[in-house]
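Start from the sequences, fold in the hints, and give me the full structure.
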Amino acid sequence: MSSGRIHLYWLLIAIPTLLLGMASVRLLLGEEARLRALARRADIERAERLAETVRGMVASVRQNVMEQLAALPAVGYQETLGDWMSRDPRIRNVFVWLPGKGVVLPPARGGNAEERRFLQRYAPLFEGEVPWAQRPVADDGGLTRTSPASPERQARVALDQMRARARPVAATAAPPYPTATASDPMKGSRAAGSSNERARMGDFQAKVALAEAEPELERAPAGKADAAPVSVPASGDSLPDPGSRHFQPGTAKDHSRTGGSSCPPIETDFDKARDKEGAMTDSVWQPPVARGATASGQWRTWFDGNQLYLLGWQRLPDGAIRGVELETVTVLSRLSDIFATLRNAATWVAIRNGEGEVMVQSGGTAATPGQAGIVVSLAPELPHWEIVFFRLDATGGRRPMMLAAWLLLSVVLASLVSGGLLLARDAAAQRRDAMQKTSFVSSVSHELKTPLTSIRLYSELLRDGRVSEPRKQSQYLNVIVAESERLTRLVNNVLDFSRMEQGRRRYAIESADLACVLRGVAEAQHDRLRSAGLTLTLAGCDTPVVLPVDRDAIEQVLVNLLDNAAKYAADGVEVTVTLHAVPEGAEITVEDRGPGIAPAHRKRLFESFYRADCELTSRSSGCGLGLSIARRLMRGMGGDLLFAPREGGGCRFTIRVAGETTRETRA
Amino acid sequence: MKKTTTTRQVLPHVRPPRLAAALLLAVCCASTLVAAPERGELVACRIETDRGVVPADKPETAIVKVTLAADRVASRERPPINLALVLDRSGSMGGEKIARAREAAIAAIRRLDGRDMVSVVVYDHEVETLVPAQPARNSEWIEGRIAQITARGNTALFAGLSQSASELRKNLDTGRINRAILLSDGLANTGPSSPDEVGRLGAALMKEAIAVTTIGVGTDYNEDLMTRVSGNSDGNSYFVEKSDDLPAIFTKELGDVLSVVASRVRLTVRFRAGATPIECIGRDGRIVDNTVTVDLNQLYGGQEKYLLIRVELAPGRDGETRLLADAEVNFEDATSRRSAQATAAGRIRFSRDAREVAESVNVPVSREYTLNRNAQELDRAVRLADEGRKEEAARVMRESAGRLEAAARSLDAPELEIEARRQNVQADSIGSRGMGKAERKLIVTDNYMLYNQQSK
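So the sequences go chain by chain: A and B.
Residue numbers are given in our numbering: position 65 of the first sequence equals residue 65, and the series is strictly consecutive.
Residue numbers are given in our numbering: position 22 of the second sequence equals residue 22, and the series is strictly consecutive.
These aren't lab readings, by the way, just hints derived from the structure by calculation.
Careful, some of the hints might be misleading.
Unchecked claim - Which chain B residues face chain A? A few, computed with CB under 7 Å, are given here:
#1 G191
#2 R200
#3 A204
#4 K207
#5 D284
#6 I287
Just so we're clear, the structure is a prediction, and the values are computed from it rather than from any experiment.
Beta carbons are placed, not taken as given, at the ideal position from N, Cα and C, and that holds for glycine.
Encoded structure:
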């Protein structure tokens, strides 16, 4: 088959296969993208649900605490407040502020170390520098909260808000927030962190107070106030705004309802968390409740030393204000319990504060820079805090299906290329073999035809009696004999090759004197070599060297080598055959002074049908089997035939005959 | 109550036994001044002042010591305990430390029986509840779980402690003594990690009657954080420089827990007219008007806990004996879970006779006061050393040592002189080489013990 057809067939297979492979890759990549999108959506939902759980938990605690605060009696409650603080792990501090007197609990003088820090922390508030109420603002996502008209709308709005709040981010080494947004100036300034932040907070709180004093805002209905867009002063230095995050009375309850029960009831890992949330409010000590007390109060967030504090307070009819500061660490501790139940090596979820510090985390190793993650704000319950969710990529950032697709395509391509190459190589080998065989047949035909022609010519001359001179008759008869011998050698070679190819060559091993064999061959070939212009010299044949060999095979090898010398090294004048006895047997070297063999051809010298494509071989007859047969014969007897260039020019063939040497001394 | 026991292998050249001096002092107090509770009385309360007689006709300042002494009743059945072991398995705990910690935990659990509940929480960058809260009778399985602990990852100390609290809460109202033993050798680096934040967790746990004992191993942990957690939750705190000592520390700690006789202890001291509490020295008491309140988590049998209060006295007439304060201690009997109470009253006399005033000095109370003031100065020195002002730190220590020497002479208290000498040597070392990690830990933990005025 021609190479063109092979290539054509190969292309006919390769092109559709390639197209198929590319289509598969495309499909796989599409599927991978779809799965990734699904996984991401699921991750966003998980993060949102967790955020809702956390918000719900905090809101629930706030609501519960506020109800307890509101349930205290209107008078004589100071001691109860103290008891409450000392027994309820959710309460960090309690306080009572009286008009005209300021804070009377904790006492300005005394208290304990924590209470002294508490007074210092809230000095701007207690001293009137900052108003008690906080302005209503939207949460960190910049969304406005609306008052849903119906439960369905309520649920839809809640989900929309959750989804909008969940914003994908790329993990960064630091800081955690990509940029500070206009609607959230505190983030940027918080991330920057400053030692004199508290002083600046006081200034800013004063600005907030001025803003809150505006009558429009005061008159705004609660629902509309909630829905009002964030209006944070965009001052040049982006002052932090500890007072800007406001929590209206009852808002905790509202948020709890909006974020909790209004969400579709999806079964999640975080259901346990909701149980814990309930347990947290049930198991704590609760102050005695006064009859007829009404639950009303407000919460405000406070930042001091980059820490978040939550302060709940209630104004009494006599103008007094009493309140509590939540123990945020207790909330964190309970959240830590929840997060411990979320262990998953494939994800990393954490709560980060406004500084980007991880407060609670769960899952495998933290995300690496550049990894895509999901951030969900925990505002307004925990302003500037957020849930961060990362799906850890076990493949180190590589996409497995993409890898599989490329692998598949690579395998297909590799198979095609290697298959094509093998086909081409096979075709080339077959073509070469065919050419060699054609050449062989042609050579053999020629080799057979030449002596037959001579034999026939001289035989006819002699038969027809055209040659009467006895000398010429004898000469013609010698030619006939020589050509017959040549024909015999050729036929023997072809027959031997055929037998060896079929594995049918049998060796008649018997002890023979190699010296004697050499002398016999030399004698038989003497005339032919002389007629070729060569002088044969024998060496080392004075002493018999007896070895178990197939005498005919040895003779054939020697004849082939001498025939080659006659054909190709006739210019070299001499050919020397030397017999050496060696420990492993014997070595017979056949050396000539011909042109030798070029290095490029030496490697394939013993291959069947191989003839060096040179002027010399084209000038001489032959079918490329002599050396191949000679080596095979020697190897068949356990010996070998080697070639080496002869020093000073020419060839040196070494016949290694294996066997135990017996040197006999001539009598 | 809050007790700091430190191993003493470190700094032999600068470490004469300050703790030993304090213990000696405490033993003196116990033997000479504070009577053991009367037979059948579980906790006794007593009020003393640094002087029985103060000068008349002028405002005066007095140091009031309120002592709680828990009876050591051998025949009493010990209360069951609810124990959580919180073990750091971060990478730094690798090798010998984690092996010793495992041994110590197993040894501790072997001291418990089927009445007790036990849980084991391990933490690195994340938290794992290795043994959920369960009766300690299944000790083979528990020990097998503990034996599997290997070191890895970071130090999520806050989360580990939170998780242990969660396990303890499962049996919070079952009348058991709640105790978490927190072991760590490194700095908390995952989650809240400042002494303030983690310390607040200790304060919150105290309100749930959970005491946290902290054991710092090696010299790389944050002693401020560990002592703050213990202090706020009224647990013990240990500094163990060599992990070989861990099994002994765990055993000792279990001994304390098993000897608890009273829990949910609240001491209320109400000062009468003419006496105004100014500050609590060492222990962080809450002063509201003329009342000082201190909450303690647990009292061990045979243990005394103190509260030192500095009080301003209105001028008194010559010969007047004034009722200074009433003390009331409310607690829960750890075995019967019944509420109980003990009371005491303290009086002081006014005199124009300077000799009488001088002779009325209560040496043990004065010594304790002196040592506490000295501890405050040492704290100052630690802060200065932290800021790299080592010469200034050394100067503060030497000046305080001078005051100790003066007090030693006036009170005839040789142990104060020993302490002053030791402190001078330490000041020289700090002045030349700065404050080493181990040295800082010893100072902080010793001060912790002094501030909490405890002894056995």
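Do the hints match the structure? See the list:
Nearest Cβ of chain A to the Cβ of G191/B: about 6 Å, under the 7 Å cut. The hint holds. For the restraint placing R200/B at the interface with chain A, the shortest Cβ-Cβ distance is roughly 4 Å, inside the 7 Å limit, so the hint holds. Interface restraint check: A204/B against chain A, minimum CB-CB distance 4 Å, threshold 7 Å, status holds. Given hint, K207/B at the interface with chain A, holds; its Cβ is 4 Å from that chain's nearest Cβ, closer than 7 Å.
Using the Cβ-Cβ criterion of 7 Å, the hint placing D284/B at the interface with chain A is satisfied: the shortest such distance is roughly 5 Å. Restraint check, I287/B versus chain A: the minimum CB separation of about 3 Å is within 7 Å; hint holds.
Checked against the numbered hints given earlier, this structure breaks none of them.
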